[in-house]
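A.B. asks: In case you want the letters, here they are:
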Amino acid sequence: MGKEKASAALFDQLQSAIEGGEGEEIVGKVKGTVVFNIDGEKWTLVLTPGERKVFKGEPEGKPNLTLTISDENFVKLVMGKMGPQQAFLMRKLKIGGSMALALKLQPILDAAAPRAKL
Amino acid sequence: MSLRELATASDVCTPADDGAGPSNALSSFTNTLLGRSSKAQERLRELPGVNGVPTPAPWAQAGPSSVEAAARAAAEGELMGIPGVSHGAPGDVEEFLAQSRAGHPGPVPREFADFERIYQGAQPGRPMGAGLPAGPMAGLPGLAPSLHAFLASAKIQGAFQPPPAPPLQLTQLDQCRIRDRSTIMARHLFADRGDAYADEQVGHLLHSLRIDPQQLPGQPDLAAFDAIYKAGALHHAHPSAAAEHAANARHLAQLQGPANGWVDDFSQLQLGGQPHEQWAQDFAAQQQNGRTRSWNQIWDESNGQTNEWATEFDQSQSATAAAQAGGRVENSAKALEQTKALADTLAADKDGKFANSKFLQFVSKMSRGEIILEGNEAKEIPAESAAWAQEFEEAAEHSRAQGYEDIWKHYGELQEDATGWADEFGGISQAAEQWADQFAEQIVPNEEVRSWLDDWESEATQAREAMAAAAADDYKFAENNPFLNDMNSLAKGKSLFQSGLLSEAVLALEAEVQRQPQNVEAWRLLGTVHAENDDDQQAIAALNKAMATDPNNAEVLLSLGVSYTNELDQGRALNFLTAWLSRQPAFTRLLQDAGPPQDSSQRLTHALATFERAAAQEAGNADVQVALGVLRSLARQYSAAGDAFRAALAIRPRDYSLWNKLGATLANSSSSQEAIAAYQKALDLKPNYMRAWTNMGIAQANVGNYETSARFYIRALSMNPKASSTWGYLRTSLACSGRMDLMELVHESNLDALQKELPL
Numbered sequence: 001m002g003k004e005k006a007s008a009a010l011f012d013q014l015q016s017a018i019e020g021g022e023g024e025e026i027v028g029k030v031k032g033t034v035v036f037n038i039d040g041e042k043w044t045l046v047l048t049p050g051e052r053k054v055f056k057g058e059p060e061g062k063p064n065l066t067l068t069i070s071d072e073n074f075v076k077l078v079m080g081k082m083g084p085q086q087a088f089l090m091r092k093l094k095i096g097g098s099m100a101l102a103l104k105l106q107p108i109l110d111a112a113a114p115r116a117k118l
Numbered sequence: 001m002s003l004r005e006l007a008t009a010s011d012v013c014t015p016a017d018d019g020a021g022p023s024n025a026l027s028s029f030t031n032t033l034l035g036r037s038s039k040a041q042e043r044l045r046e047l048p049g050v051n052g053v054p055t056p057a058p059w060a061q062a063g064p065s066s067v068e069a070a071a072r073a074a075a076e077g078e079l080m081g082i083p084g085v086s087h088g089a090p091g092d093v094e095e096f097l098a099q100s101r102a103g104h105p106g107p108v109p110r111e112f113a114d115f116e117r118i119y120q121g122a123q124p125g126r127p128m129g130a131g132l133p134a135g136p137m138a139g140l141p142g143l144a145p146s147l148h149a150f151l152a153s154a155k156i157q158g159a160f161q162p163p164p165a166p167p168l169q170l171t172q173l174d175q176c177r178i179r180d181r182s183t184i185m186a187r188h189l190f191a192d193r194g195d196a197y198a199d200e201q202v203g204h205l206l207h208s209l210r211i212d213p214q215q216l217p218g219q220p221d222l223a224a225f226d227a228i229y230k231a232g233a234l235h236h237a238h239p240s241a242a243a244e245h246a247a248n249a250r251h252l253a254q255l256q257g258p259a260n261g262w263v264d265d266f267s268q269l270q271l272g273g274q275p276h277e278q279w280a281q282d283f284a285a286q287q288q289n290g291r292t293r294s295w296n297q298i299w300d301e302s303n304g305q306t307n308e309w310a311t312e313f314d315q316s317q318s319a320t321a322a323a324q325a326g327g328r329v330e331n332s333a334k335a336l337e338q339t340k341a342l343a344d345t346l347a348a349d350k351d352g353k354f355a356n357s358k359f360l361q362f363v364s365k366m367s368r369g370e371i372i373l374e375g376n377e378a379k380e381i382p383a384e385s386a387a388w389a390q391e392f393e394e395a396a397e398h399s400r401a402q403g404y405e406d407i408w409k410h411y412g413e414l415q416e417d418a419t420g421w422a423d424e425f426g427g428i429s430q431a432a433e434q435w436a437d438q439f440a441e442q443i444v445p446n447e448e449v450r451s452w453l454d455d456w457e458s459e460a461t462q463a464r465e466a467m468a469a470a471a472a473d474d475y476k477f478a479e480n481n482p483f484l485n486d487m488n489s490l491a492k493g494k495s496l497f498q499s500g501l502l503s504e505a506v507l508a509l510e511a512e513v514q515r516q517p518q519n520v521e522a523w524r525l526l527g528t529v530h531a532e533n534d535d536d537q538q539a540i541a542a543l544n545k546a547m548a549t550d551p552n553n554a555e556v557l558l559s560l561g562v563s564y565t566n567e568l569d570q571g572r573a574l575n576f577l578t579a580w581l582s583r584q585p586a587f588t589r590l591l592q593d594a595g596p597p598q599d600s601s602q603r604l605t606h607a608l609a610t611f612e613r614a615a616a617q618e619a620g621n622a623d624v625q626v627a628l629g630v631l632r633s634l635a636r637q638y639s640a641a642g643d644a645f646r647a648a649l650a651i652r653p654r655d656y657s658l659w660n661k662l663g664a665t666l667a668n669s670s671s672s673q674e675a676i677a678a679y680q681k682a683l684d685l686k687p688n689y690m691r692a693w694t695n696m697g698i699a700q701a702n703v704g705n706y707e708t709s710a711r712f713y714i715r716a717l718s719m720n721p722k723a724s725s726t727w728g729y730l731r732t733s734l735a736c737s738g739r740m741d742l743m744e745l746v747h748e749s750n751l752d753a754l755q756k757e758l759p760l
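The listed protein sequences correspond, in order, to chains S and V. Following UniProt numbering, the numbering of the first sequence begins with 1 at its first residue and continues without gaps. Following UniProt numbering, the numbering of the second sequence begins with 1 at its first residue and continues without gaps.
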């Protein structure tokens with residue numbers, strides 16, 4: 001399995017959600033390029049009506065929002081063990097760029113949570 | 001200043017009609033804390049003093065215009081809900097501070113005018129601002145020396161030495177006003193000496209003016225004052241500015257409801273354990289020294305700082321709404337920076353009172369990030385660890401440097417994208433038309449039913465063709481399969497599947513299909529086993545192989561619909577589910593009546609309606625209920641999906657996969673506790689149902705039992721160690737349960753050790 005991060009599975013889930021049917025709804029709520037910097041490993045979310053994708057690495061242009069957070073805390077954020085505002089106020093989540101976008105984080109976090117399979 | 005006003009007043013420089021709401025520094029900070037939801041903004045706007053327009057101060061709005069009215073309201077228990085409540089007695093300080101903000105003289109209640117003039121050293125009788133009506137005492141110049149002397153005595157904290165006052169023709173109303181106003185003012189000025197002392201000083205003043213309190217009517221104003229103070233300062237021994245802060249905070253809290261607990265936090269803030277009176281003293285001290293000017297300075301300067309930005313904002317605003325959004329954001333990010341500016345201004349004031357005040361200390365600590373709000377209290381953070389504030393500023397700097405041009409450019413790009421998408425969409429519909437034309441040529445007239453059924457099938461056919469090519473190499477076979485030379489592999493595979501040895505069953509069935517690639521049954525079984533092993537990708541690959549040989553196999557179509565639903569591939573899931581329905585002879589008539597969806601955006605809605613009719617038509621058909629349940633899950637109508645699965649379970653109560661489907665539906669609709677019971681039922685019926693073990697882990701994590709959840713994941717992995725997503729989920733549960741020490745074992749995929757650490 002290698003030294004995979006705990007957040008990796010959540011980004012896989014997020015990718016399915018955003019690139020799949022739910023993505024439209026998410027883009028309806030959040031638009032822009034969001035970069036998660038998880039312990040130095042970057043994940044890019046492109047959330048535009050024309051293109052929706054999630055990939056490991058940096059975006060081509062400048063992201064609208066960069067969120068810096070540790071692997072462990074990102075997991076706690078997605079799993080609902082910690083709220084985004086709490087994480088921000090406790091300095092566990094650092095926000096660069098659009099604060100308005102950062103405040104609309106919840107749909108993204110919800111989409112990243114593990115989903116029960118039929 | 002009341003807290004409410006600090007947080008909600010306009011910064012006096014933002015264009016009023018941009019819809020951005022209040023944009024002062026504290027407001028931005030508040031927004032950051034509150035969330036910039038439209039709901040929160042609405043509530044903020046409802047507050048007194050906030051209407052997006054620079055100034056009109058709170059008292060300019062509807063509300064009690066006199067202390068009497070406020071007192072009445074207070075007596076009726078409505079104090080907290082009255083706009084502009086703070087302009088009752090405790091609001092004097094606030095009002096003259098606000099009123100003296102340069103350039104925005106708001107109308108001031110007439111009763112206050114004289115005191116305000118005196119405070120500012122203005123000549124008695126000089127008009128306060130354009131359009132301000134003369135106060136009732138304006139025609140009594142003889143009064144001023146007495147009031148001046150009264151204030152002077154407060155400054156030196158000495159007893160009031162009344163100057164000889166000329167005989168004044170004071171009406172009883174004026175006398176009452178002087179008495180009441182003096183009392184209120186005195187209680188401010190002598191807050192630290194107690195009410196009795198204040199009243200005594202007022203007595204001296206009244207005596208010097210030859211006003212006999214005994215001859216005046218009762219003191220409703222004073223009663224009102226006390227009532228207001230009691231309401232506002234529940235926990236404070238002396239009337240104080242802090243009491244008003246607390247009252248306003250509670251006022252806010254009431255207006256905004258429990259969701260916005262920050263106000264409560266704020267009202268509960270006990271800085272360094274110091275009582276609020278400390279603030280009050282600072283305030284009183286400032287007042288006594290005539291330092292109101294410094295407040296003006298602060299406001300002027302902070303306005304000045306934002307003016308530059310406002311100009312920028314103005315320019316960008318004319319460009320686009322998009323740039324506006326960016327501007328607001330930037331403003332928001334400036335909150336800390338402006339807090340710092342405020343702190344700097346306060347600190348730079350030559351008057352030592354401010355430099356030493358708790359307020360300054362609080363503001364500057366906040367600006368350095370040394371105070372953060374955590375839970376219900378403000379926490380101090382050591383300076384060295386407060387570097388985040390610095391980072392925050394740098395980030396703000398950064399985003400400013402980006403400028404509006406970039407934002408505009410970005411939105412331009414977005415629009416281009418949208419155009420491209422529209423073109424693409426046009427292309428698709430063109431292709432669909434061509435296809436429809438081709439199709440029409442093949443149809444024999446009057447075979448509408450046939451055509452419509454084919455229509456339903458067509459998308460599945462398209463999907464199959466597209467996928468058959470992709471799937472050809474998609475299925476990944478295990479290496480070194482011991483069953484490869486076993487001629488009885490299909491029978492063995494079925495037997496292993498039934499006995500619950502899923503991973504072994506996979507090997508046997510793979511061996512079978514490697515020898516017999518056309519064996520639909522083996523491929524279908526293989527797909528089912530993979531699904532139960534929580535591997536939808538391999539399931540899809542196997543089922544596609546089955547469909548390539550037998551496109552009309554209903555079971556295969558339904559299983560594909562389920563697996564694509566799990567993979568959140570809405571389009572394909574819909575294709576296969578509708579294809580499944582079209583293969584059911586019982587619904588031919590129903591499909592004919594339903595007709596095709598109006599356009600592609602209506603497909604899901606149309607399919608839902610059609611499936612619901614089908615389920616109603618054949619109430620005893622479990623498969624239709626299952627398909628309906630899957631379709632509703634796809635549409636994320638989880639509650640309704642649960643109903644369908646329950647209906648199917650009523651017909652097939654021992655179908656473990658249905659119990660799992662019901663559980664998954666419940667878990668996805670935030671009923672994880674019920675889901676756990678449903679999964680347990682599935683596991684009772686099929687103990688090695690790996691998918692249900694994994695789902696159980698997800699449900700346990702959903703209800704916060706992270707370590708229990710890890711135990712379920714480990715059990716699931718013991719059945720299928722190749723399930724990479726389950727390994728990933730295990731990591732998340734270990735991270736949440738604080739078992740980072742086990743991560744190394746996960747890295748090593750050491751299931752034996754993990755099972756010993758976390759047995760079920």
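Just so you know, these hints were derived from the structure itself, not from any lab. This structure is a prediction, so every number in the text was calculated from the model and none was measured. Idealized CB from N, CA, C, for every residue including glycine. Possibly wrong hints are sitting among the right ones.
Capping the alpha-carbon separation at 25 Å, the derived lysine to any residue pairs in SDA-like fashion look like this [unchecked claim]:
1. S:LYS92 to V:LYS722
2. S:LYS3 to V:SER725
3. S:LYS29 to V:LYS681
4. V:LYS681 to S:ARG115
5. V:LYS722 to S:ALA113
6. S:LYS29 to V:GLN570
7. S:LYS29 to V:LEU484
8. S:LYS3 to V:SER724
9. S:LYS3 to V:ARG636
10. S:LYS31 to V:LEU568
11. S:LYS104 to V:SER670
12. V:LYS686 to V:TYR656
13. S:LYS92 to V:LYS681
14. S:LYS56 to V:LEU604
15. S:LYS42 to V:ARG636
16. V:LYS722 to V:LEU742
17. S:LYS29 to V:ARG636
18. V:LYS476 to S:LYS31
19. S:LYS53 to V:SER725
20. S:LYS81 to V:GLU707
FRET-style restraints, in silico, Cβ to Cβ [said to hold, decoys possible]:
21. V:PRO585 to S:LYS42: 50 to 56 Å
22. V:PRO687 to S:GLY61: 28 to 34 Å
23. S:PRO49 to V:GLN602: 16 to 22 Å
24. V:GLU618 to S:GLU24: 46 to 52 Å
25. V:SER639 to S:GLU60: 29 to 35 Å
26. S:GLU24 to V:GLN673: 28 to 34 Å
27. V:SER639 to S:LYS53: 28 to 34 Å
28. V:ARG613 to S:PRO49: 32 to 38 Å
A.B. asks: If any of the earlier hints don't hold here, list their numbers in rising order.
C.D. replies: Violated: hints 1, 3, 7, 9, 13, 14, 15, 18, 22, 24 and 25.
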